[in-house]
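Asks: Sequence lines, in order, name chains A and B.
Basically the numbering used here = 1-based index in the first sequence + 191.
Basically the numbering used here = 1-based index in the second sequence + 71.
Just so you know, the hints here were simulated from the structure itself, not pulled from any lab data.
Where hints are given, some of them may not hold.
Stated by the list, open to error - Ranges between beta-carbon positions, derived for each pair: (1) A/E249 - B/E229: 32 to 40 Å; (2) B/R545 - A/A283: 49 to 57 Å; (3) A/G261 - B/D208: 33 to 41 Å; (4) B/F368 - A/E249: 52 to 60 Å; (5) A/E249 - B/D314: 33 to 41 Å.
Just so we're clear, the structure is a prediction, and the values are computed from it rather than from any experiment.
We treat Cβ as the ideally placed atom computed from N, Cα and C, and that holds for glycine.
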Amino acid sequence: MARQFTPKVVTANALIEGDVIYLTDRDMWTRDMHMAELITDEAHAQLRLLDAQRRPSEAVGAYLADAAPGPNGPEPTHFREDFRRRGPSNYAHGKQEGRAYV
Amino acid sequence: MYKYSDFDADFVAERNAQFRGQVERRISGALTEDEFKPLRLMNGLYLQLHAYMLRVAVPYGTLNSRQMTKLADIADRWDKGYGHFTTRQNIQFNWPKLRDVPDILDALADVQMHAIQTSGNCIRNVTADHFAGAAADEIADPRPVAELIRQWSTDHPEFQFMPRKFKIAITGAASDRAVTKAHDIGLRIVERDGEEGFEVVVGGGLGRTPMIGKVLRDFLPRADLLAYLEATVSTWNQIGRRDNKYKARIKITVHELGIDTIREQVEARFEKLRPTYSGVDQALLADIEDQFAAPEFASRDVDAYDIAYRNDPVFRSWADTNLTPHMAEGHTIVSISLKAHGQTPGDATSDQMRVMASLAKRFGYDELRVSHEQNVILPHVHMADLPQIHAELKKAGLATANIGLVSDIIACPGMDYCALATARSIPIAQQIATRFDELKLENDIGELKIKISGCINACGHHHVGHIGILGLDRAGVENYQITLGGDATETAEIGSRVGPGFSYEEILPALERLIAAYLTLRETSGETFLETYRRLGAAPFKAALYPETKANAA
């Protein structure tokens, strides 16, 4: 049996600020992982990654990150993605600065 | 210290103008990221986890007050009000915006600083003993030679696209405070029959394949240095493994071919290159040396120091840990700890940078140093000024008395910032420092070097820590491996891994067990952790780290 596909989000860094960004199903970039498009189909994931890579003036280093559905939208499954959506642990900088991230 | 010539200033200005154009073309879409990336890396600009990061060179760790103040201004204007001093004597800004970086580079150029060759497969910032020009045990100040190497290696046409990066460190003292044996080339100034020269060590390095460097030449006459360096780097540049990034560093070339083969090839190349050096470099070096002439050290009494030392226990404790003997009478070297308990190792706020700059200007002959141990040094201070300096440091949160102790931890940025990291380093360092401060055991434990890396690339020098901690990703969970017995000095050694790693929650209790075991095992209170480890080997420490294994085996 084929291995089950782990759901994904398309993520990258914003060209100017370097912020972590995610691709929404409306083809917009969001800084909030909960607003990202959760992709459950492998072929669709590849297409969406290509879509993101075609926007080099907005995003750098787009890739597919594992995610899981949550009550408010996609949630990270790996600690690296959890740090990316939040910010560093030594200062309240990054996304956690100024607003709740969950 | 060295002042830019017109040539230097023009060169940096031109590079900055080029980079400004490159950034504009990237933003306009004229350059793709693939085209832009090598250009930004050549100027020290990385894209990390949460933001861009700009790595600025502090050549051989030397700064004046104007430069330190400018770093503070940059942190305030374009970053988040702080900077991070690194294990290669650089400073990193963690939050610059792409559009602002050309302005930051221009601001740096105003004070004769830059970010050139702080990344990429070139010869990186040359590091040096952070006590250079001040230490009592020094043969000669290594910084003029370091500056000569910088000028030679900057934009060197042959060495811009090498198999991999190349790091050089230099010391002029018998005590190695520059980790020279863990560099691609380590240079030590030595004397033989009254003549000054270099011991050249090659093929050291940390990372995934840690190696202690081997002696390539035990005595190289001073005048032959650049020709010999060029021979060494060019030999490797031709035969170094470009097919495999993990085997590309010179340490692998030396390891695979053997030091004798490398020596033969280098010496043959050296014979060819040597006649091409006409002596211009030595004339240049003489000029550079004049600029590094030691200040006129004032002669005053040290009563103020004696009185404070007798009467103020906080001052005494700080003086006992944070001072190092100076070559000039009545003077001392002050290490300013950037390791306040619970804070991020190596971070300084802009206000703290200004305080350090001001102290250097008023009391320190306008000199500062950055150490690979992520502290800042006032290399020339008169003892009489110490009470005043201590009082001002204290007010700024900079008077932590812990140099060389358990909380003076080297830690890389780890997964809190770095895109390559596999686990966090900073919070581990914060927890260890906080815990041992609570236990009030630091002074009792004595000299102990803990070094933490958040991935196998070993920016946190974990291999050469008395206790090394390496953070890894094990099946999606942070896991920390402990190595013991590493040594970064002239008696350099790579530490040995003791056993399976510990989780994020388990690592601090494990360290507590380890250090408690040392306190029980040591023969006298003066026997350091490393000495006890060398006397007894890993077994008793292993038993302390893994008590359940011992119980199972019983």
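Asks: State for each hint whether it applies.
Replies: Hints and how they fare:
no. : hint                        : verdict
1   : A/E249 - B/E229: 32 to 40 Å : holds (38 Å)
2   : B/R545 - A/A283: 49 to 57 Å : violated (28 Å)
3   : A/G261 - B/D208: 33 to 41 Å : violated (60 Å)
4   : B/F368 - A/E249: 52 to 60 Å : holds (58 Å)
5   : A/E249 - B/D314: 33 to 41 Å : holds (35 Å)
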